[in-house]
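Chains A and B, in that order, give the protein sequences.
Each residue of the first sequence is one higher than the one before, counting from 1 in my numbering.
Each residue of the second sequence is one higher than the one before, counting from 1001 in my numbering.
FYI, nobody ran anything at the bench for these hints, they're computed from the structure.
Keep in mind the model is a prediction, meaning the values are calculated, not measured.
Note that CB positions come from ideal geometry on N, CA and C, so glycine has one too.
The reader is advised that the hints may include incorrect statements.
[As the list claims (entries may be wrong)] Taking beta-carbon pairs under 7 Å as the criterion, some of the chain B residues facing chain A (in silico):
| id | residue |
| --- | --- |
| 1 | Arg-1017 |
| 2 | Pro-1018 |
| 3 | His-1029 |
| 4 | Ala-1032 |
| 5 | Ile-1039 |
| 6 | Arg-1043 |
| 7 | Pro-1045 |
| 8 | Glu-1046 |
| 9 | Ile-1106 |
| 10 | Arg-1113 |
| 11 | Arg-1115 |
| 12 | Pro-1118 |
| 13 | Val-1119 |
| 14 | Arg-1121 |
| 15 | Ser-1122 |
| 16 | Ile-1200 |
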Amino acid sequence: MTDLVVRAEGLRKRFGKTQALDGVDLAMRRGTVLGVLGPNGAGKTTAVRVLATLLRPDEGYAEVAGIDVLEHPQRVRRRIGLTGQYASVDEDLTGTQNLVLIGQLLDLTTRDARKRAAELLEWFDLSEAAGRQAKTYSGGMRRRLDLAASLVGRPEVIFLDEPTTGLDPAKREDMWGVVRTQITQGSSVLLTTQYLEEADALADEIVVINKGRVIAHDTPDGLKRRVGGLTLRVRPADPRRVPDALRVLDLVASPGNSASADTAAGARPGAVSVPVADDTALDIVVPALRQAGIEVNDLGLHLPSLDEVFHALTEDAPLEAELV
Amino acid sequence: MTTLTIDPTSTDLDIDRPRGGAFAAQVRHSVALARRSLIKTIRTPEALIDVTLQPVIFLLLFTYIFGGALSGGDRHSYLQYLLPGLLAQSLAMGGIALGQNLNADIEKGVFDRFRSLPVARSAPLVGAVAADIVRYLTVCVVMLGFGTIMGFRIETGFLPAVAAVALAIGFGLSFCWISVWVGMLVRTSGAVQGVMFLLIFPLSFGSNVFVQSNTLPGWLQAFVHVNPITPLVNTIRGLLVGGPVAGPLWQTLAWMAGLLVVFVPLALRAYARRA
Chain A
1 MTDLVVRAEG LRKRFGKTQA LDGVDLAMRR GTVLGVLGPN GAGKTTAVRV LATLLRPDEG
61 YAEVAGIDVL EHPQRVRRRI GLTGQYASVD EDLTGTQNLV LIGQLLDLTT RDARKRAAEL
121 LEWFDLSEAA GRQAKTYSGG MRRRLDLAAS LVGRPEVIFL DEPTTGLDPA KREDMWGVVR
181 TQITQGSSVL LTTQYLEEAD ALADEIVVIN KGRVIAHDTP DGLKRRVGGL TLRVRPADPR
241 RVPDALRVLD LVASPGNSAS ADTAAGARPG AVSVPVADDT ALDIVVPALR QAGIEVNDLG
301 LHLPSLDEVF HALTEDAPLE AELV
Chain B
1001 MTTLTIDPTS TDLDIDRPRG GAFAAQVRHS VALARRSLIK TIRTPEALID VTLQPVIFLL
1061 LFTYIFGGAL SGGDRHSYLQ YLLPGLLAQS LAMGGIALGQ NLNADIEKGV FDRFRSLPVA
1121 RSAPLVGAVA ADIVRYLTVC VVMLGFGTIM GFRIETGFLP AVAAVALAIG FGLSFCWISV
1181 WVGMLVRTSG AVQGVMFLLI FPLSFGSNVF VQSNTLPGWL QAFVHVNPIT PLVNTIRGLL
1241 VGGPVAGPLW QTLAWMAGLL VVFVPLALRA YARRA
């Protein structure tokens, strides 16, 4: 059996004037998390809907768990779980009723469906709310119920379409825990996200989609390396010493670069950074800072953040061409 | 956490065979989905207004406001004439909510989950239609009950009355597939109501629901004769207050079969296409 649990080749789908998928290839190894990253409207959801048998592509081939999605959708449906972008639980039904219904539709006996529902509700910390209508649930509880619903059939492959959109950070991390647990139990997870942090935290490999095309497929670290080398970042304890720190960092700048005040998205002002060739820069910078009498709060070598990678990939057309 | 362990043999072909065969599975899935719709109906009793209060209002309106004028002062005999007709109109209208609910379910993404499960494409629609039996039964009970309070009397007998109710529900179940189809086609659930009213008002007013068709101009009589509501009303009248039944009954059954043959495939196809 092939090691790939999701395989798609040349998927194309057009909605009216929008080419939602313009020749997408995907590959996910068994037992891993594949993060599909892209801006709104990139085609992430369309790709998931094709793989989850909800949508027929205009062109292309897709295989999930070794089964042709277009030829045998029902067989694929027995092996997948899907949690959509919007919590698709039935608000008028209770938590238990929602999960039991899914179990019955998956051909469990009513008794097994109830047992499985109780297990999942307990695992997702929803036992107390099990008998309440889902419309009384908070946003986070609905998401958990929705995720539980996709796990009723113990799926081999789980599709999560922006599973944490709208969740607060603590709930988001709970969700990440759930995803990691699924992997340890043998499932494979394909998740779409707009949060680079999320892809970085969960994904073994990342596919970047923009305008219906895959523009990169690599490990998180690999992606970061492809876009840029290491960056050395220093935060002087006294913000007035920033110009002095810049002079020190210029000593180790890789060819063609110079130190600059940190303006990366979301960065707290007051830090300076410089692209460096390798980690020997530390050997020069640390004594030099000491000698100049600059006290630092923070000093480190970083790969570029996925934010930077993402912007480079989606906005810089020549770079895109180079990477494909 | 042994309970959540994935069975490594889950790729066996066994899991591809639905328990008890494909047909048994489809029936079971439809029943499970019908149960879902019923739970929703019970949880939101206000959604029953169109099959309880609304027919009662029509009954009061036409009996007490128009009834005297239409029948030359004999309100009781007009009620005897009107109620079987209004029953037919109320059943046709009773199906509107179904199309609206299905449209809303699709918009909310609830149906995406059903589509990602190994159930027959038709199961979610068939289940929802089956659950609507309860609403059509409600229409019949409310109208006959309230009509009795207003002075309506069944002039035939118990069995013909039961047959009238059964036929009415059967017609409701056939007619509602139009609403299901419209629900699959239009973008918002509000539009379902608009489209269905455009269809149902000509059918119910251009029939013998409210007045005898021989009082209408010739061209309108021609429409009344080809209107599916007309034979239904004639049959229900025959079964409740007396009159010929066999002829209009066959016509009604033919219409029901025709509605199913045309609109079930249309609705299923529109559902499959709706991404």
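Evaluation of the provided hints:
Given hint, Arg-1017/B at the interface with chain A, is violated; its Cβ is 9 Å from that chain's nearest Cβ, farther than 7 Å. A least Cβ separation of about 6 Å between Pro-1018/B and chain A falls short of the 7 Å threshold, and the interface hint therefore holds. With its C-beta approaching chain A no nearer than about 6 Å, His-1029/B sits inside the 7 Å limit, and its interface hint holds. With a least beta-carbon distance of about 4 Å to chain A, the hint placing Ala-1032/B at the interface is held under the 7 Å criterion.
This hint holds: Ile-1039/B has a C-beta 6 Å from the nearest C-beta of chain A, less than the 7 Å allowed. With its C-beta approaching chain A no nearer than about 5 Å, Arg-1043/B sits inside the 7 Å limit, and its interface hint holds. The closest approach between the C-beta of Pro-1045/B and any C-beta of chain A is roughly 12 Å, which is over the 7 Å cut-off, so the hint fails. For Glu-1046/B, the suggested interface contact is broken, since its CB lies about 12 Å from the closest CB of chain A, more than 7 Å.
Hint status for Ile-1106/B relative to chain A: violated, with the closest Cβ pair at about 10 Å, above 7 Å. Proximity of Arg-1113/B to chain A holds as hinted, the smallest CB-CB distance being about 5 Å (cut-off 7 Å). About 5 Å separates the beta-carbon of Arg-1115/B from the nearest beta-carbon of chain A, less than 7 Å, and the hint is met. Hint status for Pro-1118/B: holds, given a least beta-carbon distance of 4 Å to chain A, under 7 Å.
Taking 7 Å as the C-beta cut-off, the interface hint given for Val-1119/B holds, the closest approach to chain A being about 5 Å. Hint on Arg-1121/B is violated. Least Cβ distance to chain A is approximately 10 Å, over the 7 Å limit. The restraint placing Ser-1122/B at the interface with chain A is violated, with a minimum CB-CB distance near 13 Å, outside the 7 Å limit. Taken as an interface hint, Ile-1200/B does not check out: its beta carbon lies about 27 Å from the nearest beta carbon of chain A, beyond 7 Å.
Checked against the numbered hints above, the structure violates hints 1, 7, 8, 9, 14, 15, 16; every other hint is satisfied.
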